[in-house]
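*Asks:* Residues per chain, in single letters:
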Amino acid sequence: MDEDSTILTEACSGLALHKADGQVYHAHYMLKEFRTLGPYIRQHWYRYLLGILCLLLVDSAQLLIPQYIQRSIDAVAAGQARSAVLAIVVWLLGTAALVAAGRFLWRFFIHGASRRIERDLRDKLFGRLMTLPMKFFQDNSVGDLMARATNDMQNIRMASGMAFVAFFDGVFMSLAILAVMFARHPATALWVVIPLPLITLLIIFFGRFLGRRFKVVQERYADMSTVVQESLQGIRVVKSFVKEDYFSRRFGLANDRYRDASMAVVRLYGLFFPLITFLAGLTTLLLLLVGGGAVLENRMSPGNLAAMLAYLEMLVWPMVGAGFTVNMIQRGAVSLKRINEILHLAPEAELAAAVVGESGDQGDQGGASLMATSRAAAAVPTAVPTGAAGHLEIRDLSFTYPGTATPALSSVSLRLPAGQTLGLLGRIGSGKSTLLKMLPRIVEPPRASLLIGGRDIGSYCLADLRQAIGFVPQESFLFSDSIRHNVCFACPDLSAARFSEVLRISALERDIDLFADGWETMVGERGLTLSGGQKQRVAIARALARNPQILVFDDALSAVDAGTEELILAGILADRAGKTNIIVSNRVSTLQRADLIAVLDDGGLIQFGPPAELIRQDGFYAETAALQELAHHVAEGRD
Amino acid sequence: MANFFDSDEILKSFDWPIVRRILAFVRPHKLLLACTVLSLALSTVGSLFLPLISRRIVDGSLMVSSVSLPRQVLDDERFRGLPGLDKAVTIGDRLFVRRSDLSGLPAASRAALLADGALDEAPCYVVAWAEAADLPASLRGDLGSCLPDFGQALAGPVWLDGALVLPEARLLALSPPEARQLRRADFTTLRRDGLWFLVSLALVLAATFGQTWSTSLTGQYVMKDLRLQLFRRTAGQSIGFLSRQPVGRLVTRLTSDVETINEFFTNVLVSFVKDGSVMVGVIIVLFAMSPRLATVVLLSLPPVFIASTVSRQKARDAFRKQRTLLSRVNAFIAEHICGVNIVKLFGRERAVAADFSVDNHGLMKASLAEMYVFATFRPLIEFFSATSTAAVLYYGAGLHRSGLISLGALIAFVNLIRMFYAPVQDLSEKFTILQSAMAGGERVFSLLDTDQALPDRPVASLAAGVRGHIEFDQVWFAYKQEDWVLKDISFTVEPGQTLAIVGSTGAGKSTVVNLLPRLWDIQRGYIKLDGTSIVDLPLAAVRTAVRPVLQDVFLFSGTIAENIALGLPLERSQVEAAARTVHAHEFVERLPDGYDTRLGEGAATLSAGQRQLLSFARVVAHNPAIIVLDEATSSVDTETERLIQAGLAGLMQGRTTIAIAHRLSTIKHADRILVLAEGRLAEQGSHDELIALRGLYYNLYRLQYERKGATA
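Protein chains in written order, with our numbering: chain G, 1 to 639; chain Y, 640 to 1351.
A few of these clues could be false.
Said to hold, decoys possible - Simulated coverage check for chain G against chain Y, where a stretch passes if three residues somewhere in it have a Cβ under 8 Å from a Cβ of chain Y: (1) 104 to 117; (2) 186 to 199.
Stated by the list, open to error - In the EDC-like style, the derived pairs of lysine to aspartate or glutamate whose C-alpha atoms are separated by at most 16 Å in a straight line are: (3) 669/Y with 654/Y; (4) 1004/Y with 956/Y; (5) 863/Y with 481/G; (6) 863/Y with 260/G; (7) 1126/Y with 1160/Y; (8) 1167/Y with 1235/Y; (9) 1004/Y with 260/G; (10) 913/Y with 1112/Y; (11) 863/Y with 256/G; (12) 535/G with 481/G; (13) 863/Y with 800/Y; (14) 863/Y with 898/Y.
Simulated from the structure, these hints should not be mistaken for laboratory data. Yeah, the Cβ is synthetic: ideal placement off N, Cα and C, and Gly gets one too.
Chain G extracted, bound-state conformation (with noise of 0.2 Å):
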């Protein structure tokens, strides 16, 4: 009877927010899931035996409130003096004293218990998720993978939680008020528990038809988002179009789909608490009628009546909570296994590892200290070598995607020295970005066609070879914190002096009067938004701040005017003095500071060599220089 509204508030919001999935599960299946939690359970075991001992203790001083009240009115009836009733009333705020604290103490255990372990999972799943390789990211969507880390994590925490209590509270509560009744008058108590397992009955049944019906208004909620979404993404046909009125009826349609679904909850769901009551209320009466003749008949005493009363309303609650821990249970149980399917996912590093197929030994990536990582056939870790023996080298390099015709790219061979420059131009879809991804090998490359310093990519460590490298994408993504916390995303130890530098060169410096809060002003979702030229330029000097060996520039200077192009590129080369660079550009002024170009065109290397040669041979990078060199003549010619 305890907690009984948190149980019911608890479960309820439940019911509301994850829309139960109206799936039956089998207990033994239910248990099979439910053994992952075990060792989490087992850390916290002295938590859950506290909370488990202080549960116990206030069940057993509430069903003495009851018998308190009884002797005070029996006291009254009998018309005994008050001193003697004060000495049970005394005892009754006593009582009243220890369930309280009993209460918190509790809530303290078992709360705190099933809070920490939600923490530990949900460390554990998103440190799993880091790891995971990027096919899992394109296979999922992350609306879904937020909900495991969200709906269901909060499903996992009440199950842990609440529904440990409920059932603990439900069990020891129902047999110990079952046993008192029937010992106070068996017949009447007979006759007033009928009612009670339909209470429970009740609960469960209407946990799996709300489950369904909740999927239906979850569903019809998620089609009016779409039609929003879709009016607004597509708001450029609908406004030529003159469409304004007709998908303003959509949105009204979907808005009554979505009443009817909602309502179709409320009729059921509206009948549920109202339905509790009258059930409770149903027992209230027979304990009235049955008590009560028992009464009238000399059997009983108007105070034993008085007393059963009490503790048939404290009944109630322990059939509530029962039902509502099937429900918790179940839930909890599906929620755990889709939080378990990411757990059971092999980290990227291992995938890697068995792609090379060479044996040794390498850590764990997911850095979660919970997890066993199954012993991985890891690459030997040797360090990317630096300095002259890194060059770089692409042998008869052929790949297409899984499930398409085309291939990305075909036959692209080339050698680039240690320490120099290569520039990539070519059309949109030519090859370019699938090439620069397999480099750390984000895109698996096939076997032997992409080397450095002489040896497969695919050989080194996953770990090592990243750390080499150093990427400017061409989406400039950062994270929503601060500008320095940006910059330092690799190497969070960067010294104040290089800090600084790659600011110089990536020309960030100068915006500096822009931001508030110098460096430590946030960006992104939460704070200021960045122009796509400022966000290039962080980006930039993200990777610079690492000093790789190898810097790679995915068109990443698009949105920077030529002129802070020119003074970023060249202050970029001399800092990466000695050390490789692969720049992607569609910019002839660009290409032209590098030591080799390549042109890339259906995936087929159609130019290679250094720009002044290029420039030279009748080919497109020389074709595109002077259509560039020209359009700007004719505009600066026209200012």
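Knowing the structure of chain G, use the given hints to seat chain Y on it.
*Replies:* Frame of chain G; chain Y shown alone:
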């Protein structure tokens, strides 16, 4: 995704202007509102009735001891009209009154009665109008036939004037069958009151359901009205405004923020009214039963109010902190899933997991802190409830001894106190929901109050048959401030002509598509349609006359036919005709469901070329006089290219066309070609003229179009 960033809950305190605006949306639903109020009242009354009925059962049927008074009391001026005396039964020269009936007696009158020696408090049981044959055998033996003198104890049963008076001890000594026989009337009352109890229960059941139903329906109607208003308002804003707003954030405003307002209806408002009225109702009933004992209860309440005020503040702070951290943790996860490639490229998996642990740990601490507030508050309130009960029992004992309160009333007090305390915990929690509803309301209304629509103040109208004459007159345009994308552009297109615009990337070509249908307004110069500036024409008329064909085709979820018609009342044959014109019919027909094939997530996927053709068909179905075509740059296979070219021919036939051209065929078939360079008009003329010029176009042509043209 935006949801995860946007869930940053800012709790507001109660805000009247927002509540008033929300309530304004309820006004049209008066009937439902009346339904809510009625069912609310019924369920409140019903739930207050229940303890009263059980009190009546205890007092009226189970505990029926009476006391007696001399009959002369009725003639006494002092006692005339005293409550309870009217229910007295006259037996011989005495009045018998149930103790519970006398509990309402004013203390002074009671004292006077006792002082006069008129009140005989020895408890006895009275059965009026019984048949002698019905008397239990054990009583018949010593059945007396006259009452003892007043003041002398009643020793045994007395049978007088068809009524039986029995000392209470003798009643309790009866065997069950005898007691049942004697107390038949009490059984009847018990059953009758039980029926009332059942009726009240059913009433509460029906009324509570009715109330939930009607408030939910009201909430749903309000949400729909609000959402539609928001939708119309948002869709009416300028593209300039909308392009600055993340779509996710707007979607959140229209969906989940509105949902928090619904919470206000279904959860908060009703609870406040219901719990409030239950609490007030309980106090009223308590005072009606016993003003003195009710005062005792009232005096025990101040600690409750103090505790709930303090805990509400603490809970709010704790909740706010927990929510902030929760949304930070969720945003962290969402963001690192989106940017997982950065994490991987820099090999920071371990490091971000460690950073995450810090936030995650903070979240746990905050949620523990929140839990402690509730873990303290709830037991404390329960304890206060026990304190009130104890006080009532203690003072009630005294009152009962003085006959000022019946036992049933005392039991009812104990129950009512529980009823009073139940909502106390609830109300505090509802307060938090109220606060987030306020915050949601504020965001929703601020969007509703935003007006960023393009001005639509026509001073001229467009003739029914639009000729399709277009003039750009010294047009300057910038998306923001002075960052000119188009500089001083002038040209004209005669009706039915085709104009191709070419230029290198970033030359400002695509901007033209936005300007002619007035998706954006230009800063300087004029754009004229059939000789009238488009800002002087009705916006809808301009957009009906000019249809852009956009580079990235946007298809809505729905069937292919719906995507072509977009709500136009077209026959299937008309849809097909439009599709045939652009050669889309062939591939649509090959789809399993033809024109009824559903598009969108998880449905049939179309190739880029097919999508292009559908967007052409859509334009043809709407039959504009002018089209502005932004050709897709993405490379397509030869077959698709052939299809698109055929489609384009159908699309452009008989219409004034401005094409942002990437295809050689489009350019070659144009009547005139405009060459843009960095926002300025560099060259214009026919293909042959421009080739002869050997300028920018000549080079562009060779580099960008010739190769593609050769393959196409």
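*Asks:* Taking the hints in turn, state whether each one holds.
*Replies:* Here's how the hints hold up against the structure:
1. 104 to 117: holds (count 7)
2. 186 to 199: violated (count 0)
3. 669/Y with 654/Y: violated (23 Å)
4. 1004/Y with 956/Y: Since the Cα atoms of residue 1004/Y and residue 956/Y sit roughly 14 Å apart, the hinted pair holds (cutoff 16 Å).
5. 863/Y with 481/G: At roughly 37 Å apart (the allowed maximum being 16 Å), residue 481/G and residue 863/Y break the hint.
6. 863/Y with 260/G: Cα-Cα ~12 Å, so holds.
7. 1126/Y with 1160/Y: With Cα atoms ~14 Å apart, residue 1126/Y and residue 1160/Y stay inside 16 Å; holds.
8. 1167/Y with 1235/Y: violated (40 Å)
9. 1004/Y with 260/G: violated (41 Å)
10. 913/Y with 1112/Y: violated (68 Å)
11. 863/Y with 256/G: Holds, at about 8 Å.
12. 535/G with 481/G: holds (13 Å)
13. 863/Y with 800/Y: Violated: residue 863/Y and residue 800/Y sit about 73 Å apart, past 16 Å.
14. 863/Y with 898/Y: Since the Cα atoms of residue 863/Y and residue 898/Y sit roughly 10 Å apart, the hinted pair holds (cutoff 16 Å).
Of the hints listed earlier, those the structure fails to meet are numbers 2, 3, 5, 8, 9, 10, 13, in rising order.
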